[in-house]
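Asker: Take the given structure of chain C and dock chains Z, D, R, L and Y to it, following the hints.
6 protein chains.
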Amino acid sequence: MMLRGLFVGRFQPFHNGHREAIKYVIKNVDELVIVVGSAQVSHEIDNPFTAGERIMMLKMALKDILVDPLKCYLVPIPDASMHSVWVPTVISYTPPFNIVFSNEPLTSRLFKEFGIIVEKIPFFNRDTYSATEVRRRMLVGENWKELLPGSIVKVVEDIDGVARLKELTLPDSFSKR
Amino acid sequence: MMLRGLFVGRFQPFHNGHREAIKYVIKNVDELVIVVGSAQVSHEIDNPFTAGERIMMLKMALKDILVDPLKCYLVPIPDASMHSVWVPTVISYTPPFNIVFSNEPLTSRLFKEFGIIVEKIPFFNRDTYSATEVRRRMLVGENWKELLPGSIVKVVEDIDGVARLKELTLPDSFSKR
Amino acid sequence: MMLRGLFVGRFQPFHNGHREAIKYVIKNVDELVIVVGSAQVSHEIDNPFTAGERIMMLKMALKDILVDPLKCYLVPIPDASMHSVWVPTVISYTPPFNIVFSNEPLTSRLFKEFGIIVEKIPFFNRDTYSATEVRRRMLVGENWKELLPGSIVKVVEDIDGVARLKELTLPDSFSKR
Amino acid sequence: MMLRGLFVGRFQPFHNGHREAIKYVIKNVDELVIVVGSAQVSHEIDNPFTAGERIMMLKMALKDILVDPLKCYLVPIPDASMHSVWVPTVISYTPPFNIVFSNEPLTSRLFKEFGIIVEKIPFFNRDTYSATEVRRRMLVGENWKELLPGSIVKVVEDIDGVARLKELTLPDSFSKR
Amino acid sequence: MMLRGLFVGRFQPFHNGHREAIKYVIKNVDELVIVVGSAQVSHEIDNPFTAGERIMMLKMALKDILVDPLKCYLVPIPDASMHSVWVPTVISYTPPFNIVFSNEPLTSRLFKEFGIIVEKIPFFNRDTYSATEVRRRMLVGENWKELLPGSIVKVVEDIDGVARLKELTLPDSFSKR
Amino acid sequence: MMLRGLFVGRFQPFHNGHREAIKYVIKNVDELVIVVGSAQVSHEIDNPFTAGERIMMLKMALKDILVDPLKCYLVPIPDASMHSVWVPTVISYTPPFNIVFSNEPLTSRLFKEFGIIVEKIPFFNRDTYSATEVRRRMLVGENWKELLPGSIVKVVEDIDGVARLKELTLPDSFSKR
Numbered sequence: 001m002m003l004r005g006l007f008v009g010r011f012q013p014f015h016n017g018h019r020e021a022i023k024y025v026i027k028n029v030d031e032l033v034i035v036v037g038s039a040q041v042s043h044e045i046d047n048p049f050t051a052g053e054r055i056m057m058l059k060m061a062l063k064d065i066l067v068d069p070l071k072c073y074l075v076p077i078p079d080a081s082m083h084s085v086w087v088p089t090v091i092s093y094t095p096p097f098n099i100v101f102s103n104e105p106l107t108s109r110l111f112k113e114f115g116i117i118v119e120k121i122p123f124f125n126r127d128t129y130s131a132t133e134v135r136r137r138m139l140v141g142e143n144w145k146e147l148l149p150g151s152i153v154k155v156v157e158d159i160d161g162v163a164r165l166k167e168l169t170l171p172d173s174f175s176k177r
Numbered sequence: 001m002m003l004r005g006l007f008v009g010r011f012q013p014f015h016n017g018h019r020e021a022i023k024y025v026i027k028n029v030d031e032l033v034i035v036v037g038s039a040q041v042s043h044e045i046d047n048p049f050t051a052g053e054r055i056m057m058l059k060m061a062l063k064d065i066l067v068d069p070l071k072c073y074l075v076p077i078p079d080a081s082m083h084s085v086w087v088p089t090v091i092s093y094t095p096p097f098n099i100v101f102s103n104e105p106l107t108s109r110l111f112k113e114f115g116i117i118v119e120k121i122p123f124f125n126r127d128t129y130s131a132t133e134v135r136r137r138m139l140v141g142e143n144w145k146e147l148l149p150g151s152i153v154k155v156v157e158d159i160d161g162v163a164r165l166k167e168l169t170l171p172d173s174f175s176k177r
Numbered sequence: 001m002m003l004r005g006l007f008v009g010r011f012q013p014f015h016n017g018h019r020e021a022i023k024y025v026i027k028n029v030d031e032l033v034i035v036v037g038s039a040q041v042s043h044e045i046d047n048p049f050t051a052g053e054r055i056m057m058l059k060m061a062l063k064d065i066l067v068d069p070l071k072c073y074l075v076p077i078p079d080a081s082m083h084s085v086w087v088p089t090v091i092s093y094t095p096p097f098n099i100v101f102s103n104e105p106l107t108s109r110l111f112k113e114f115g116i117i118v119e120k121i122p123f124f125n126r127d128t129y130s131a132t133e134v135r136r137r138m139l140v141g142e143n144w145k146e147l148l149p150g151s152i153v154k155v156v157e158d159i160d161g162v163a164r165l166k167e168l169t170l171p172d173s174f175s176k177r
Numbered sequence: 001m002m003l004r005g006l007f008v009g010r011f012q013p014f015h016n017g018h019r020e021a022i023k024y025v026i027k028n029v030d031e032l033v034i035v036v037g038s039a040q041v042s043h044e045i046d047n048p049f050t051a052g053e054r055i056m057m058l059k060m061a062l063k064d065i066l067v068d069p070l071k072c073y074l075v076p077i078p079d080a081s082m083h084s085v086w087v088p089t090v091i092s093y094t095p096p097f098n099i100v101f102s103n104e105p106l107t108s109r110l111f112k113e114f115g116i117i118v119e120k121i122p123f124f125n126r127d128t129y130s131a132t133e134v135r136r137r138m139l140v141g142e143n144w145k146e147l148l149p150g151s152i153v154k155v156v157e158d159i160d161g162v163a164r165l166k167e168l169t170l171p172d173s174f175s176k177r
Numbered sequence: 001m002m003l004r005g006l007f008v009g010r011f012q013p014f015h016n017g018h019r020e021a022i023k024y025v026i027k028n029v030d031e032l033v034i035v036v037g038s039a040q041v042s043h044e045i046d047n048p049f050t051a052g053e054r055i056m057m058l059k060m061a062l063k064d065i066l067v068d069p070l071k072c073y074l075v076p077i078p079d080a081s082m083h084s085v086w087v088p089t090v091i092s093y094t095p096p097f098n099i100v101f102s103n104e105p106l107t108s109r110l111f112k113e114f115g116i117i118v119e120k121i122p123f124f125n126r127d128t129y130s131a132t133e134v135r136r137r138m139l140v141g142e143n144w145k146e147l148l149p150g151s152i153v154k155v156v157e158d159i160d161g162v163a164r165l166k167e168l169t170l171p172d173s174f175s176k177r
Numbered sequence: 001m002m003l004r005g006l007f008v009g010r011f012q013p014f015h016n017g018h019r020e021a022i023k024y025v026i027k028n029v030d031e032l033v034i035v036v037g038s039a040q041v042s043h044e045i046d047n048p049f050t051a052g053e054r055i056m057m058l059k060m061a062l063k064d065i066l067v068d069p070l071k072c073y074l075v076p077i078p079d080a081s082m083h084s085v086w087v088p089t090v091i092s093y094t095p096p097f098n099i100v101f102s103n104e105p106l107t108s109r110l111f112k113e114f115g116i117i118v119e120k121i122p123f124f125n126r127d128t129y130s131a132t133e134v135r136r137r138m139l140v141g142e143n144w145k146e147l148l149p150g151s152i153v154k155v156v157e158d159i160d161g162v163a164r165l166k167e168l169t170l171p172d173s174f175s176k177r
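Chains as they are written, first to last, in the working numbering: chain C, 1 to 177; chain Z, 1 to 177; chain D, 1 to 177; chain R, 1 to 177; chain L, 1 to 177; chain Y, 1 to 177.
So that you can see chain C by itself, here it is in the shape it has in the complex:
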């Protein structure tokens, strides 16, 4: 029987930690479904990039690490209105899968409550390989590029992503008060 795995991320933005995780996971399955979570969200401080931009990043990254594109599905999924229906929403948007790879506690619990197997992923430099750290560095002008694959750095630059993020953190001004 074919083993199809599921990997969930928000990829705001995609970074080296995601890359290492996918390299690890892909070795353990026949096919991999990568869910781009919170797909409807963008232009927020914690979620600056659109689903379309994040899919582009993933496409680049999969090409870089030489994953067979026929083995992978990239699926943007909007948030559910209630936690209790998020897993069936994912099931409805994806091909059938046998196993979920996740270290995130709520994601893991929700899948387990539906009887789905969840496995953890080894962490890779968790302190720096995190999207929160990437966005922090972008905002304060530190070296964020070393945390991302080169091709993703280029995507961020092409869409002028750092400027967008900085604008989102400017103090609210007149018209909104």
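Fair warning: there could be bad hints in the mix.
No copy is singled out in the list; a pair is fine if it fits within one copy or between any two copies.
Said to hold, decoys possible - Heads up, simulated DSS-like pairs for lysine-lysine below, C-alpha to C-alpha not over 25 Å straight-line:
hint: 1; residue 1: 71; residue 2: 27
hint: 2; residue 1: 166; residue 2: 112
hint: 3; residue 1: 23; residue 2: 71
hint: 4; residue 1: 23; residue 2: 63
hint: 5; residue 1: 63; residue 2: 27
hint: 6; residue 1: 112; residue 2: 154
hint: 7; residue 1: 154; residue 2: 27
hint: 8; residue 1: 120; residue 2: 166
Since the hints were made in silico from the structure, they are not lab data.
Answerer: Chains Z, D, R, L and Y in isolation, oriented as in the chain C frame:
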């Protein structure tokens, strides 16, 4: 004319303060509608339990305090998209009622703006008989059981509720970054 | 182990067919969860009554047929935004159940796809004991009362339900054109 | 005390019947709130025009009939998710009003259920002064312009409204099958 | 060609800064569309007033500063579910406009991403002419009236707005725990 | 400059007409974004298949016709709440595209109103290569397999798709009345 009262709570979880309040209210009406508010929410730190679990707690509690079940309605109601339509949403989901029992300022104001009578309830050990305090004790391992009726303690244990709550407070990890 | 069953209806309005079905089902379970479906809908030709009114009808009917109210849950549930999340929405709003009683094909399929047992109910005068037939008779002035338990007839009359239904079918007039 | 009236329409498009009705209503109140209903809908066969376009039509029409613009409010309001909260949604979006002018049965019933006075408006050539008739004539190439004030005809022409309506009725083609 | 401008605010409440901004903007355009943003929100600490109340404030203010009412549109618009569709939602609810006046960074970015010209407005005593400051003064009992036009002060008093705001900040009490 | 095209379909199910259209389109662009529209819908007579099932069909089909998978994006997108924001929703979920291929009038109009180029696709046996015809044949037991690529026939059979579709068309029965 029959007097039908309305009592609103989130019951996350049901505790001794709710029990005392319902015992007080039920003496003053012919029938009582108990609204399980924010029914669509669960698996959140402040809202760990599903509407179904909360209804079970209420059913147990009403049995414990020997309320005639024919006198009570248990009605889960999801949040409205805007405060200004919450009261008519409640009206649509419930049998007609003449009076609301609430100490909560916004609930009281919204009902009053619709011309509905709102009465306060005496507080019962407000500092400890609060769901916030119950959840705090669950998380830090203090004695939460003394704040709940015994039958509700059993419901929480049957659904492994403390473990769920603790998982919801674990730090966000890899897959969500 | 306790056997808890689930019965789903829209009850627009509750009629003798519902009564017979519940009498049949209740004999086969320890507890019964009755879901008032499409709870958010009212004031429509096919859905004239509010969830609150329908819950009142059910309360009356359960009392009439001498069902132990401690064995029954009445749970209004709004429609889900997509069929694929309707079953988990029901699960979230209700105590755990082991079996669903339904003759409706889509309801049956959706529960079965979640691995839940579904059993059919014997029909009772299906041609006349139907809410569609009740509403038709209300509109044309035929004898609709013989299709409902007497206590439900009274609820409909108290809320002037036939007049409401008739108004909903008047031709659209000026302001909406 | 000031008398402020409310008049609800979809104005798809504004026609001579609306004009006569507003002329009638405005004489009976100090101020008038005109609600542009189903504001979120456009590009549908029965709702071709956006709320913005419909507001422009109303502005033109009020100018034509020499209504004091300080006496009028034009308020677009999206549909509510349930009939039972539509009236409070209207109340939330509008200045306080004392009376509603409407011939539409559901609108009238919903306002009356909230204890608000509803008065009927005399009809003006109801058979031809209807938006349904206007759209029908637009589609088949008959004389629709005679049913609209001249200034509104111009708005429709400026936005190429007839072409839009015709496109919306073309048979579904390849990509949607 | 006619120049139609767009000005966006939440007006919670309308204050002297809004007045000065509108006086500045109106001189630079033929017509002005004033969007009442977050129209669906009220009865919140940061958003105490309904859209209807805010529209009344604007109507008063425009009359005070002698703006020709035929030149102005007041359009309440609910929030969009995602930032990326907020601008087209605004476009759908308003007459066509050529230029947006805003100092708010996210508003400006979103309009610019759709190719629409955005101009800044000179600030007028930004520290005190802000709705945040007005609400702060209302809550602590300082002089808020000096920050609002006199006619708006009257609207706030007529609807007992300060009492409402204060109630919204009372500590959550029993029924919500 | 790279030319990236967009092709929109519901694929209920994918059939030979879709295959021919994609073969035609792919020759004219460097990359192709295929949108799986109405992604949230399934288990309906006109929309029996989930987004996940439809993505599987497309993956198979692209493999069959030897399209380079690195050149293609498969993106499920839920319906927008209003037509006027559907195009920006698509833009938000997809990589930037220069051209849309569509024969569907509303799709074409909505993209054109946003200034996006739309080109038509030659039809391929339009009368029989249509999903409506496929579903009709499935229901009445005619030869539907000749209208689908062989690999898609297998997907439909693996998920027992014809049985699901037939169940969805059974007459509504007891529990829903």
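Asker: Of the hints given before, which are not true for this structure?
Answerer: 7
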